[in-house]
Amino acid sequence: MHDIRAIRENPELYEKAWAAKGKSGVAAEAIALDAKLRAAKLALETAQSRRNEASKLIGQAKAKKDDAEAERLMAEVEQVKVVLVEQAETERAVADELQSLLAQLPNIPLPDVPVGADEHDNVEVRRWGEPNAIANPRDHVDLGERLGLIDFEAAARMSGARFVILKGQVARLERALGQFMLDMQTQEHGYTEVSPPLLVNDAAAYGTDKLPKFADDLFKTTDGRWLIPTAEVPLTSMVMGQIVAEEELPLRLTALTPCFRSEAGASGRDTRGMIRQHQFYKVELVSITAPEESEAEHERMVGCAEAVLKALELPHRTMMLCTGDMGFGARKTYDLEVWIPSEGRYREISSISNCGDFQARRMDARTKKAGEKGTRFLHTLNGSGLAVGRTLVAVMENYQDENGRIAIPQALHPYLPGLTHIGGEG
RNA sequence: GGAGAGGUGGCUGAGUGGUCGAAAGCACCGCACUCGAAAUGCGGCGUACCUUUACGGGUACCGUGGGUUCGAAUCCCACCCUCUCCGCCA
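Per this note's numbering, the very first residue in the first sequence carries number 89; after that it's consecutive.
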């Protein structure tokens, strides 16, 4: 959500950014609606003011038993109310129109975000590790099914496509990965562990910019709630409607949760394997900061996510997304991409975004300095640290040997005592 | 799910149709007193929006949304949430 005053003061900036996303003229449209809204508001408030004043006088007249005067004033109010009702309707209609226009406009990229159309224009920031030379690498589906530890067919029978059943040591490996990531983010990076609701209401989904535009990507419950597509939604919503003292910032929150996505727009993509599922575990990082701190916090967060891949010794690269590839709510986004041997390429495993005050405006989340008047909107950031399902894929594929055995990364040994390999006698 | 009680400013809490954006206390800020502090006294102290060069003025907000009324924190309806008891339950 954008500040209409900022748009009013700097229409070219917004027009340029939105035109690049195929929405020309919306800045002017918003400004016109805003002018209309303010005119209606002024007329409405003037009418209200007169009504209030007259009502007060009626009270006084009645106290003095001056019924004639009271009658006269009541007749006057009757007329004022015609205007009042009319302007109130206009005000509401225009406000709704402006609100729904603004709610559908994406965030504005920061100046250092590369301009581009799609993922081909993303910029590699750095690269870590060398892909292992694995001759004829198997993919994780092949590896898991040969071991009898991954079962897509049974999952499909009970749930449908894009679900999976993990068994035995692979299930245990997934659990170990989640624990490992959560421990790293809490113990080494200062994040507070949270166990949040997995079902949220409209307000939380709207505040984290999943609604109204992306309802199709979410699962909805029969009582009108939403299954979270990421723990970003409940974690960020913890400050919804709150005024946080500036001394308490930054808030750093993390959670290991299932995530549920309908993948409505992705039919036919990544149909094989665990890369794109309706349900997966993810460790999410959310930072809530003062406005001037968010960019530094963003860089720090990227480091927190990269640390997981480094600890697992998984080759990866860090990309800065271009304007065309960024999500709706982000001002700037880094993606971490991990090497997937079976595909011979890097695949997204984490996305870390600075949303600035975009979400905070939608959810009315503010900060206040002690002893100072006035409040400012918080900045919110979120990122995966990491997606557990995709990390499982990466570990299985990068740690396989020619016999289809999977070595356990050193960093996970404390979480899997006694287990050095999956498969064979290890 | 059933019965009952309740949701008021940072907190506690008064307020059942007009002079209530809202008493009082606490907390906080300023000033006075003091060498300093405490205590005491005096004053200030919600949020958002509109308007004004400024001083200022206005509107809205007492869980949320509707309604009644010239006028609603106060009356009516619906919903949400909290608490107590009962039922059910991992």
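Heads up, a few of these hints could be off.
Said to hold, decoys possible - Cut-off 25 Å, straight-line C-alpha distance, at most; resulting in silico cross-link-like pairs (DSS-like, lysine-lysine): (1) K152 x K129; (2) K111 x K124; (3) K308 x K104; (4) K144 x K124; (5) K111 x K301; (6) K150 x K124; (7) K129 x K104; (8) K169 x K144; (9) K169 x K124; (10) K301 x K109.
To be verified - Each pair of labels, with its calculated beta carbon distance range: (11) G110 x D200: 50 to 60 Å; (12) A458 x D489: 19 to 29 Å; (13) E185 x S112: 10 to 20 Å; (14) P285 x A221: 44 to 54 Å; (15) P285 x G391: 36 to 46 Å; (16) E431 x D489: 34 to 44 Å; (17) G415 x R180: 48 to 58 Å; (18) G415 x A458: 33 to 43 Å; (19) Q167 x P199: 53 to 63 Å; (20) K169 x E117: 23 to 33 Å.
Keep in mind that the hints were calculated from the coordinates and are not lab data.
Glycine included, every Cβ here is placed at the ideal spot set by N, Cα and C.
So, going through the hints one by one against the coordinates:
A C-alpha spacing of about 35 Å is found between K152 and K129, which places the hinted pair above 25 Å, so the restraint is violated. For the proposed pair K111 and K124, the alpha carbon gap of about 21 Å is at most 25 Å, so the pair holds. Taking the CA atoms of K308 and K104, the gap is near 35 Å; set against the 25 Å cutoff, the hint is violated. This hinted pair does not check out: K144 and K124 have alpha carbons roughly 30 Å apart, beyond 25 Å.
Distance restraint check for K111 and K301: the Cα-Cα separation of roughly 15 Å lies within the 25 Å cut-off, and the hinted pair is therefore satisfied. Pair hint K150 plus K124 does not hold up; C-alpha atoms about 39 Å apart against a cutoff of 25 Å. For the given pair, K129 sits about 29 Å from K104 by alpha-carbon distance, which is inconsistent with the 25 Å threshold. Using a Cα cut-off of 25 Å, the hinted pair K169 and K144 holds, with the two alpha carbons roughly 15 Å apart.
With a C-alpha separation of about 21 Å, the suggested pairing of K169 with K124 holds against the 25 Å cut-off. A threshold of 25 Å between alpha carbons decides the hint, and for K301 with K109 the separation of about 15 Å falls inside it, so the pair holds. A beta carbon spacing of about 23 Å between G110 and D200 contradicts the range 50 to 60 Å that was offered as a hint. For A458 and D489, the hinted distance range of 19 to 29 Å is not satisfied, since their beta carbons lie about 59 Å from each other.
One distance hint, 10 to 20 Å for the beta-carbon pair E185 and S112, holds here, with the actual separation near 18 Å. Hint check: P285 to A221, Cβ distance near 46 Å, so the stated range 44 to 54 Å holds. Distance hint for P285 and G391: a CB-CB separation of about 29 Å, inconsistent with the stated range 36 to 46 Å. Checking the proposed 34 to 44 Å range against E431 and D489 shows it is violated: the Cβ atoms sit about 19 Å from each other.
Taking the beta carbon of each, G415 and R180 are about 31 Å apart, not inside 48 to 58 Å as hinted. With their beta carbons about 34 Å apart, G415 and A458 fall inside the hinted range of 33 to 43 Å. The beta-carbon spacing between Q167 and P199, approximately 54 Å, falls within the hinted interval of 53 to 63 Å. Distance hint check: the CB atoms of K169 and E117 are about 32 Å apart, consistent with the given range 23 to 33 Å.
Violated hints, in rising order: 1, 3, 4, 6, 7, 11, 12, 15, 16, 17; the structure is consistent with all others.
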